[in-house]
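A.B. asks: In case you want the letters, here they are:
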Amino acid sequence: MNYQAIRAAVENPLLTAFGALVPAVPVYFDNITAVPPNTTTEYVRVNVTFGITNEPTLTSSVDNARGAIIIRIFTEKGRGPARNQTLLTTAVSALETLNDTAKTTSGVFFRVGEINGPTFSATEDAPHFVGRIDTSYVATVLS
Amino acid sequence: MARRRNDFMRLAKNIEAGFLAPFIVGVARSAENIVLQLQEQGPAWSGQFSNSWEIASASKVSTGTGASGEAQRLKAPILTVDEFKFKPEIKYYIANKAPHADVALDLVESNYRYPGYEPIKKAERGQRVSGLRGDLAVNPTGPNRRTAPLDWYTTYLRGGAIDKTISLYMDQSLRNVKL
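Taken in order, these protein sequences are the chains called A and B.
Number 127 in my numbering belongs to position 127 of the first sequence; there are no gaps in the numbering.
Every position in the second sequence, counted from 1, becomes a number in my numbering once 143 is added.
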């Protein structure tokens, strides 16, 4: 099982999509400390988690993993939801392109499920307005 | 004649109830074990969140005590034959009724302060990054703590464990059926 390849399959398109925006929006992945909590700078946080690896299936290929992708968009509070929703659209588009990728003989075959959200939240003290989406995925490592 | 027909109908209903019993028990055991796994995998500082899960059928609700301390097992309400056979298609709703449930589920941000007592579950130390409960940059000398990883709930829900639990407990119930 190549967890790193699975992680890369989802992280790279998101990094590319947010990097292509003008100005580019920083993306922080698991185990990377994001920008200091009191800044109003907008940023994206992506968490890729693994749920089940190699559950028995009817097919011969068992080198697969299921898990969740959680994307949170942090934008400035008190300015309405528009900017947050624009960045969420970028994230959703990047996830949808994963489902358009054809199955080849090597690499990682990746499919995401339904996308849940967005949901929005903001607390009194924190400087950010947070938009959140999550989805399930199934990834098969092809060799 | 009418009495004989009533007897026959009663017999048919009993046969049907007997046939469906393993399925009904299997669904109930699945719901109970989903809650058990949520209690095991979720955060627990005082234990109130772990004891605030609720399993509801169309007609009955089993609610956790909401008390502090170790997680208590929650029994699912048993479905009637009609509830199992007919709509609603969703047989059980599982929810957490703790006032701070959304924070514990990592769905919203919050502010945190030390409650004055230690967590009942082993905690991991680190520096909190955002206002999310589990969002910690792990560091053994960090000032903040978490008793479950970030996004534990979404991972459980979306990562396949819920399907696996249902099939496991349905299989277990149906294994005892002799035809």
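Please keep in mind that the hints were generated in silico from the structure rather than gathered at the bench.
Do not rely on the hints blindly, as some may be mistaken.
[To be verified] Keeping only pairs whose Cα atoms sit at most 25 Å apart, straight-line, the calculated DMTMM-like set for lysine to aspartate or glutamate is:
#, chain 1, residue 1, chain 2, residue 2
1, B, K307, A, E55
2, B, K218, B, D150
3, B, K307, A, D63
4, B, K307, B, E261
5, B, K234, B, D150
6, B, K228, B, E159
7, B, K234, A, E114
8, B, K307, A, E114
A.B. asks: For each hint, tell me whether it holds in the structure or not.
C.D. replies: Each hint, compared with the structure:
no.	hint	result
1	B/K307 with A/E55	9 Å, holds
2	B/K218 with B/D150	34 Å, violated
3	B/K307 with A/D63	17 Å, holds
4	B/K307 with B/E261	34 Å, violated
5	B/K234 with B/D150	30 Å, violated
6	B/K228 with B/E159	10 Å, holds
7	B/K234 with A/E114	22 Å, holds
8	B/K307 with A/E114	19 Å, holds
The structure is inconsistent with the numbered hints 2, 4, 5, although it conforms to all the rest.
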